Structures are given as structure tokens and as C-alpha cells.
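Here the protein sequences come in this chain order: B and D. Counting in the numbering used here, the first sequence runs from 1 upward without gaps. Counting in the numbering used here, the second sequence runs from 1 upward without gaps.
For the record, the hints were derived by calculation from the structure and aren't laboratory data. Be aware that a few hints might be false.
[As the list claims (entries may be wrong)] Covered stretches of chain D, as calculated for chain B (at least 3 residues, CB under 8 Å):
(1) 32-39
(2) 44-51
(3) 75-83
(4) 111-119
[Stated by the list, open to error] SDA-like mimics (lysine to any residue), calculated; alpha carbons at most 20 Å apart, straight line:
(5) B/Lys-82 to D/Phe-23
(6) D/Lys-53 to B/His-55
(7) B/Lys-23 to D/Val-20
(8) D/Lys-119 to B/Thr-108
(9) D/Lys-9 to D/Leu-24
(10) B/Lys-53 to D/Ile-3
(11) D/Lys-29 to B/Lys-53
(12) D/Lys-92 to B/Ile-144
(13) D/Lys-9 to B/Thr-34
(14) D/Lys-9 to B/Tyr-129
(15) D/Lys-92 to B/Gly-124
(16) B/Lys-79 to D/Ala-33
(17) D/Lys-92 to B/Val-128
(18) D/Lys-83 to B/Gly-149
(19) D/Lys-119 to B/Leu-71
(20) D/Lys-92 to B/Thr-131
(21) D/Lys-119 to B/Gln-107
(22) B/Lys-79 to D/Pro-118
(23) D/Lys-53 to D/Gly-38
(24) B/Lys-23 to D/Leu-24
(25) D/Lys-9 to B/Lys-82
(26) B/Lys-53 to D/Ser-99
(27) D/Lys-53 to B/Ile-58
(28) B/Lys-82 to B/Leu-11
The structure displayed is predicted, hence computed values, not measured ones. We put the beta carbon where it would ideally sit given N, CA and C, even for glycine.
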Amino acid sequence: MNMSYEEYGKLVKKCSPNSPIFKTVPLSFLVGGTICAIGEAFRLWFVSLNMSKEHSGIWVSVILIFATALLTGLGVFHKIAKIGGAGTFVPITGFANSVVSPALEFQTEGFILGVSSKMFIIAGPVIVYGTIASIGSGIVFYIIELFGGNI
Amino acid sequence: MDIVISLIKAFCVGGLICVVGQFLLDYTKLTPARILVGFVVAGVFLGAIGIYKPIVDFAGSGATVPLTGFGYLLSEGVKEAIKEEGIVGILKGGLTAGSAGISAAVLLGILVALIFKPKKK
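Construct the entire structure; sequences and hints are all you get.
Here's what the structure looks like:
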């Protein structure tokens, strides 16, 4: 086959699959959106049962964490995560999976130094920096309030 | 009909927040762990400066289910705790607000480790 360098380049471009971004972005939108819509369906249901705004939000989180834990235990979650990408790990399902998955994985190292320490391998930093940020914002809120501002 | 509109709003806003994460994943060298930390801290910050609350009012779970919503929860917790208890609220508010989610994840992590066996790869 005789072809120039440029022609070959074009052929390669034509034959190789589209840049994954055309797949990953819509899929993460669909999967992430679906997870949030499921959460919203539960929230609306709880609100209709006269549950307070705060408590309904908490129960939505607990349900999604429970579902993630179950799917992780059954070995199904990583299959969804492969399709959904950021759509599965940006919602609270990702946080839950980051706790449950290493907890399961490190069983062999025991329940103290395996399960219970490894379950914070990603959740640890999330909690640490979330707490630090909340303290930082708390200091700012407090100063604003000291000077008579409304927070 | 209201329910359908609420679900669509949650779907779109939640989906868009996830797309931001996907762009960070595909176009930068950030690992998922760093993105999660970044989202929570961003949520605290956006909550503190008052940008995130209108998004929550608009999209409900579409804004609270992504991890930015967890950050928002922490900043709201601090705000309420300072209003009620003063300076000690700076230290109490954040983790108190996040406690239910963290406890649920820890409990289920232990339960899953007790019940299931790791899958052979």
C-alpha cells in the first residue's frame, strides 16, 4: 500500500475510536444525573411524609450509601463505575464506595489494621480537608458576627 | 407535574456537577481522590460565600447528593452552630452536620466486610 505520511495519519484517525471524551462526558452526565434524580425522588417522598428538610436530606444520603455498600459487596458497583466515571464517584455514592471497597478488600489484613484503617484511605483526606475548610469558614463567620454582620 | 420538574432539575444539575468532575479527570492529572477532596472543599467555600444555597433551593438532591453538597452541609452546620452556641460552633458545626453520612458509611463498611468476601479479580 503506497500512501504518504499525511494520508496514513488520516487513515489512523479515521479508524481509531473517537476520543473517549465524547463517551465519558455524556455517560457521566447520565449516570450522575440519574443518581441525583433517584435521591430527589426519595427526598420528595420523605418531604411528603412531613419529614423535615434536614432529616429528609440525611435519609437520602443514608439510602444512597446503603445502596452503594450493597452493590460494592455484590461486586456490581465497579461495573457501574466503569461506565459512569465521575458520574458515580462525584455523588455521595463515590464517597461510600471509597469507604466500603477498601474495607472489603483489606479483610485479609484483619479488622484493625486492615478493614478499619484502610476504609479511610480516601474518606480520610475528604473528612480532614472538609473539616479544615469548615473551621476556616467558621472563623470567618464568627468574625463577621462579632462585627455585627449577618451570617 | 411538579414532581417531574423537580426530578429533571435534580438530574440536570447533578449531571452537570458530575461532568465538571469528568472534565477534571480526563483533562488534568488529578486522581479521583484529589477530585473528591477538591469538591468537598469547593462545596464548603461556595456554601460559605452564599453561592451554593440558591443551587440547592433550585435543584434539591441534584445539588446535595454530589460531594459539593457534603461540603455545603458542613458550612451550613458551622453557620448554624455559631449562631446558636457562639465560638465553640467553629469546632462543632462541621463534623456534627456531616456525622450522619460519615457514621452510615463507617457502619456499612464494617457490615459489608463482615458479610461479603472480596471478589477474585
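- [ ] Please name the hints from earlier in the document that this structure breaks, with their numbers sorted from lowest to highest.
- [x] 9, 11, 14, 25, 28
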